[in-house]
Amino acid sequence: MAALTRPGRANGLAGLLYRPEVRRVVYQVLILGAVAFAAWWVVDNVAANLRRQGIVAGLDFLGETAGFDISQSLIAYSNLSTYGRAFWVGLLNTLLVAVLGIVAATVIGFVIGIARLSSNWLVARLAGAYVEIARNLPLLLQLFFWYAAVLQTLPSPRQSYVLPLGAYLNVRGLHLPAPVAQPGFWAVALALAAGLAVAVAVWFWARRRQALTGERFPAFWTGLAAIVVLPLLAFLAAGSPLRFDYPQLQGFNFQGGITLLPELIALLLGLSIYTASFIAEIVRAGILGVSKGQTEAAQALGLSRGRTLRLVVVPQAARIIIPPLTSQYLNLTKNSSLAVAIGYPDLVNVFAGTVLNQTNKHAVEVILITMGVFLTLSLLTSLFMNWFNRRMALVEG
Amino acid sequence: MAATGTATTSPLPPRARGALLWLRENLFSSWGNTLLTLLALWLIWQAVTTVLGWAVLDATWQGKDGSACHAGGACWPFASAWFGQFMYGRYPEPERWRVNLTYALALAGLVPLMVPRVPGKPWTLLYLLAAFPVLAVILLSGGVLGLAHVPTDLWGGLLVTLVIASTGIAAAFPLGIVLALGRRSAMPIVRWLSIGFIEVIRGVPLITVLFMASVMLPLFLPEQWTIDKLVRALIMVALFSAAYMAEVIRGGLQAIPRGQFEAADALGLSWAQKMGLIVLPQALKLTIPGMVGTFIGLFKDTSLVLIIGIFDLLGIAHAASAAPAWLSPSTPMTAYAVAGFIFWIFCFGMSRYSQMLERRLEAGGERVVAKAAYE
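In order, the protein sequence lines correspond to chains A and B. For the first sequence, the residue numbers in my numbering are 551 to 947. For the second sequence, the residue numbers in my numbering are 136 to 510.
Bear in mind the hints are in silico, worked out from the structure with no lab data behind them. Do not rely on the hints blindly, as some may be mistaken.
[What the hints assert, rightly or not] Taking beta-carbon pairs under 8 Å as the criterion, some of the chain B residues facing chain A (in silico):
#	residue
1	Leu-171
2	Val-335
3	Phe-346
4	Ser-438
5	Leu-449
6	Met-468
7	Ser-486
8	Met-491
9	Leu-492
Just so you know, even glycine gets a beta-carbon here, dropped at the ideal spot from N, CA and C.
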């Protein structure tokens, strides 16, 4: 029986250590102590190192004049602006490339993902080859490829490739005509808002009516018509209040229009082609994840092919697709930081690059702010994911 | 039998068999399908002629410098002149046998580990995780046993890519297990510390972590401590991949039925015994495909170290494409093509291997945790 007695139960202090709840507390206190000590050690070292170099930590440097130019800026910026302003320029450039990249990657990814499931053998194989090539090459290599090996070998502005609709492509970038709103354009914007309102109202009304009477109403097409036709009418009524500003060769470069820098094009190409290969796999898995019985049941109920897709397959595939899709969007945003390698002025390049080099004393603050921005983005994404998963969770029984 | 009359009167379809039937069913079943097939054929034709034209027909095969490469195609003499650099960086030529020997030693452990049929996995793993690293450090770095010392700033090319990726994964593995267990721990402080670490690392781009290594790490340490640049990058890559590894392993832990935990408790096993003998062996087996996925991601991401001035395979290609002696319009494309081909072979090979493992595990009726959270 002696062997079965819980050891140490009898004697007080040592015996306490055998109780799981006591041990838990002891372990946690020890771990917390170790972590706190490590943190203190690091902070102490940083403080000592900064003191030795005569640096006072703080965010005051954000108000100092930056003194460098940025090649692309969505807000007013010059080399007389502050470091704080440069931060916003970088952040907006990051968001710009992320949004454009997400749209492009989603389109390419869905097309390739669906093509991989095509009944056409050749198309399916071709889509498979795309996926295997794009996802097995480092993104950075793809960026260098597009930037240094493709875009940098384009002709000079004088020998530009002439593209349709008044666009030009050369080593300085892609020059597009810029739409310029003329007085009276507000009527079109107003009509668009009205069209959207009508579409939403029709959709709600149609849903109510179907729930009450079972009769269907083509709400989608009605709504689409309202969104397209109303602004179009307003546009014509106001006397076509839109003009295009065409890029024109003046001297050695193009003036006017919108210029997409080669850095931006390379980054967009690289990010969207790379991420699309992962999105394609997610889409494929999502569609394959809807069991065949669902499609067959829908057909047995007499639903048309389009209706089967829209009402049965897509909603179920979306449940599978959206969570990994969101994390791909986040990955694309994080990967846009590779801009620093090809010189696109994103947050990491402008802030953790140029600003850090110029204000070397404030390296810690700069890195922490940069990380903070990405952490915030990923936190927002995971909040959305949690909300989405709660909303979409299967309610059974 | 009622339908015999109509069935016999309808004409028989033309007898298509074999290849012809396959073609009609898979490529030309309808107008739309035929159009798609033609489009695909056109795309393939374009791709093949472009690649073939660039790599063979328009390529330059002989020359001593960049001035020879003006045909518009690949500049192969450049690739062969720089091939040693692509593989070893500036590792001194007479010492390169040491790198090759290290590769051979690694293969001696990896091949038996990766072929499912070969027995004695624990011993091979022990060799790879305990004996091999020591041998590799002695061989590569030298300075002992009469081997000349080769400082890490001479290392480069594929060697550095492999060193960073394999050290990263080897260090991330135990760390990832600890973090995954920590995240599922009943102790709130341990759980929150693990969650905090994992989510912070997963929330930021690797590049900021590497910047941290090159800019902030020196500030974190006492003045007199200096750490080799490569080692700094190694530490950061290991910490970074540990967070992703932890999530893969957590997936494996979640796939283990509750009954296994309860049975271990019922047998009176301690927590360490329960995890080490019952839960982890099952969980880790399920996560092998996911870990290979993480490794592929890590392998590709090692290329980012070039941004902090370490010349891995891509770093060498990038530097080579601007080498003065070989300056020509086709040099960058050739350099990236060579580096890309090597990267692709490794990544594609590993992804095929992981798919094979996945099928094997699924055939054994296991729930596989294949999706690496990494990519």
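(request) Of all the hints given earlier, name the ones this structure violates by number, lowest first. (result) Violated: hints 8 and 9.
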